[in-house]
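Asker: The residues making up each chain are set out below.
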Amino acid sequence: MAMTEATPRTTLGKVRAHQTQNEGLLFEKSSPGKRAYKLPPLDVPEVNPGALLGESHREDTGALPELSEIEIIRHFTRLSTWNYAIDLGMYPLGSCTMKYNPRVNEFVSRIEGLAEAHPYQPESLSQGSLAIVELLQKCLIEITGMDAITLQPAAGAHGEFTGILLVRAYHESKGNPRRKVLVPDSAHGTNPATAAVCGYQVQNIKSNALGMVDVDELAKVVDEDTAALMLTNPSTIGVFESEIHKIADILHAKGALLYMDGANMNALCGRARPGDFGVDVMHLNLHKTFSTPHGGGGPGSGPVACKAILEPFLPTPVLVRKGDALGWNFDRPQTVGRVRAYYGNYGMFIRALAYILANGPDGLRQTTEDAVLNANYIRKNLEDLYELPYTTASMHEVVFSDKRQAAKGIRTGDIAKRLIDYGFHPYTVSFPLIVSGALMIEPTESESREELDLFIDAMRAIAKEVEENPDLVKHAPHSTRVSRLDEVTAARKPVLRWKPQ
Amino acid sequence: MPYPTEYKYTKEHEWISVSGNIGTVGITDYAQSTLGDIVFVELPKVGDDVTGGSTFGSVESVKAVSDLYSPVSGTVTAINEELATAPDKVNENAHTAWMIKVELSDPSQFDSLLSAEQYQAFIAEETGK
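Residue numbers (our numbering), protein chains in the order written: chain A, 227 to 727; chain B, 18 to 146.
Each hint should be verified, as a subset may be incorrect.
To be verified - Covered stretches of chain B, as calculated for chain A (at least 3 residues, CB under 8 Å):
no.	region
1	35-45
2	73-81
Unchecked claim - Here are the simulated lysine to any residue pairs, SDA-like style, with alpha carbons at most 20 Å apart:
no.	chain 1	residue 1	chain 2	residue 2
3	A	Lys-719	B	Ala-103
4	B	Lys-80	A	Ala-567
5	B	Lys-80	A	Thr-715
6	B	Lys-28	A	Asn-430
7	A	Lys-719	B	Thr-102
8	A	Lys-719	B	Glu-98
9	B	Lys-80	A	Val-655
10	B	Lys-80	A	Lys-260
11	B	Lys-28	A	Ile-660
12	B	Lys-80	A	Thr-416
13	A	Lys-719	B	Lys-106
14	B	Lys-80	A	Ile-660
15	A	Lys-432	B	Asp-84
16	A	Lys-629	B	Lys-80
Hints were generated in silico from the structure; no laboratory data involved. Just so it is clear, the structure is predicted and the values come from calculations on it, not from any experiment. Just so it is clear, CB atoms sit at the ideal spot from N, CA and C, and this is done for glycine as well.
Construct the complete structure from the given sequences, taking the supplied hints into account.
Answerer: Take a look at the structure:
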């Protein structure tokens with residue numbers, strides 16, 4: 227659609243047209259002989275690499291791009307400006323907890339003794355690094371109300387995998403690994419995938435009208451062949467499973483375990499402890515709840531906390547006290563084995579601990595309360611324009627549906643793309659699957675009232691546009707370098723690498 | 018698109034037509050329209066056993082990956098090779114773009130599936146229309 231004077235720039239708030247220019251690939255910019263540096267003359271005897279390397283010597287060095295330094299700097303700097311980041315504006319992706327990454331975390335992680343530490347350093351020279359691991363473990367155990375923890379898993383799905391390995395090892399130690407894992411229909415897709423990869427059959431549990439697990443239905447399907455239920459709490463529609471203790475009792479009565487996906491821990495931290503409401507094993511996402519970078523800035527970190535019954539199976543090595551010193555224990559006969567090289571994404575441990583210590587218990591509690599307050603502020607200010615499929619109280623995120631806008635032919639994906647024109651990253655689109663046309667919005671505690679109001683203004687303006695000028699929304703975004711991409715051809719005929727003409 | 022009355026349907030949105038003891042299985046028009054543009058169809062191998070109510074493959078659209086559930090139990094005798102390179106055939110006509118042919122181990126399973134009329138009533142209920 228051609229954008230003409232009809233474009234209501236005056237309603238766009240803080241947005242303006244994208245200022246970046248097109249940018250070719252480095253391969254396309256290359257010209258032979260260009261260099262970013264010049265080496266001094268050789269001051270050692272020249273050797274013949276072909277004679278020394280024999281068959282391993284490669285004459286053809288391949289088609290590598292050749293550019294000057296400023297061309298390379300400009301190329302990557304320009305590309306970096308095409309991105310959206312939490313440092314640029316609100317990132318309301320539901321289920322992702324895209325909170326601010328405090329600068330103090332970055333400062334602490336760059337302290338020389340920590341940044342330069344090497345995992346092969348002897349334990350005696352790594353006591354400071356190990357003390358950080360120990361203190362973080364203690365904090366996370368306290369926050370979750372569990373008994374033991376491993377920091378190895380590299381992210382959430384890896385944490386799930388590790389957690390279900392512990393469940394399997396536990397059941398195997400009792401003589402029967404059991405056959406099935408139960409997963410609610412509102413779950414993250416990684417839950418059933420995890421169960422399947424760990425050799426379990428997946429059985430879906432339907433949600434009730436409140437968006438929660440139907441406890442009576444659950445009681446009917448849990449049996450002696452059930453290894454575990456994988457539950458996200460609060461659920462993916464941002465609702466607290468208020469009968470979680472009953473769910474735990476039903477499972478435990480049949481010898482099954484309760485796994486909690488900790489993706490939404492930002493709604494509980496400092497207010498409720500999974501260990502207290504019957505959870506046996508869970509993962510945390512340090513890159514969500516504990517403010518370490520999420521997405522391109524990663525890496526992630528997905529510690530797994532568990533009750534004492536699962537402690538013997540934790541991945542090796544386990545941090546222990548050896549007299550006055552800290553050290554690693556590899557002698558763990560029942561372990562599921564190592565799940566990650568070295569000790570996990572250590573740089574994230576430093577950042578997460580800095581966040582926990584900077585906030586303190588009261589600060590973490592307020593963080594949780596602010597995150598819930600912000601989500602409900604958005605809910606209250608949008609519920610007259612967007613359909614609320616579940617009216618149960620919202621925790622840290624709110625899920626609308628596009629039901630009213632769909633009557634005008636506008637779906638959640640269209641609204642999300644229009645939101646880009648207003649300077650915001652889209653919310654989570656079409657998830658959870660139990661809501662048709664879902665708009666899943668999680669502001670986190672990081673956003674000020676002013677930023678939330680800008681977001682609400684944008685969403686309200688879009689709802690009005692849907693009524694008055696649906697085509698404007700249907701063909702958004704209008705302010706970006708490229709607009710709607712051909713997702714179908716991209717998936718059916720992907721171009722996976724550059725080829726010379 | 019009409020739902021052929023000689024087919025039977027599942028609540029997981031597959032159809033099956035039976036000729037002799039061979040069942041031909043695909044997904045319904047409602048399924049393809051809900052999924053959107055299909056970009057990949059993953060099918061079992063000829064000779065694999067499938068179980069009624071269990072997954073036999075998956076279908077990937079630009080929106081989501083969904084499991085395919087077999088309406089009946091039996092052995093796969095043929096798969097629609099064309100879908101490997103032209104998954105869009107399912108979008109064009111879901112009721113002719115079959116996925117697998119199954120030699121039924123228990124032909125009585127066919128009778129317990131939904132009729133075209135029952136299936137259409139079911140999706141009307143699902144979509145609230």
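Asker: Indicate, hint by hint, whether the structure satisfies it.
Answerer: Okay, the hints, checked on the actual structure:
Under a criterion of three residues with beta carbons nearer than 8 Å to beta carbons of chain A, the stated coverage of the region 35-45 of chain B fails, only 0 such residues being counted. Counting residues of the region 73-81 of chain B whose C-beta sits closer than 8 Å to any C-beta of chain A gives 4, which meets the bar of three, so the coverage hint holds. In summary, the hint linking A/Lys-719 to B/Ala-103 is supported, as the alpha carbons are separated by about 11 Å, within the 20 Å threshold. Restraint check for B/Lys-80 and A/Ala-567: not satisfied, since their Cα atoms lie roughly 34 Å apart, outside the 20 Å limit.
As the CA atoms of B/Lys-80 and A/Thr-715 are separated by approximately 14 Å, the hinted pair is consistent with the 20 Å bound. Between B/Lys-28 and A/Asn-430 the CA atoms are separated by roughly 15 Å; this keeps the pair inside 20 Å, and the hint holds. Straight-line distance between C-alpha atoms of A/Lys-719 and B/Thr-102 comes to about 10 Å, which keeps the hinted pair within the 20 Å bound. A C-alpha spacing of about 18 Å is found between A/Lys-719 and B/Glu-98, which places the hinted pair at or below 20 Å, so the restraint holds.
Of the pairs offered as hints, the one joining B/Lys-80 and A/Val-655 holds, with about 10 Å between alpha carbons and a cut-off of 20 Å not exceeded. Proposed proximity of B/Lys-80 and A/Lys-260 is contradicted: the alpha carbons are some 44 Å apart, above 20 Å. As the CA atoms of B/Lys-28 and A/Ile-660 are separated by approximately 16 Å, the hinted pair is consistent with the 20 Å bound. In summary, the hint linking B/Lys-80 to A/Thr-416 is supported, as the alpha carbons are separated by about 16 Å, within the 20 Å threshold.
Simply put, A/Lys-719 and B/Lys-106 have alpha-carbon atoms about 15 Å apart, close enough for the 20 Å limit, and the pair holds. Annotation: proposed proximity of B/Lys-80 to A/Ile-660 holds, straight-line Cα distance about 14 Å (limit 20 Å). At most 20 Å may separate the alpha-carbon atoms for a hinted pair to count; A/Lys-432 and B/Asp-84 meet this at roughly 17 Å. At roughly 18 Å between alpha-carbon atoms, A/Lys-629 and B/Lys-80 fall within 20 Å of each other, so this suggested pair holds.
Comparing the model with each earlier hint shows violations of hints 1, 4, 10; every other hint is respected.
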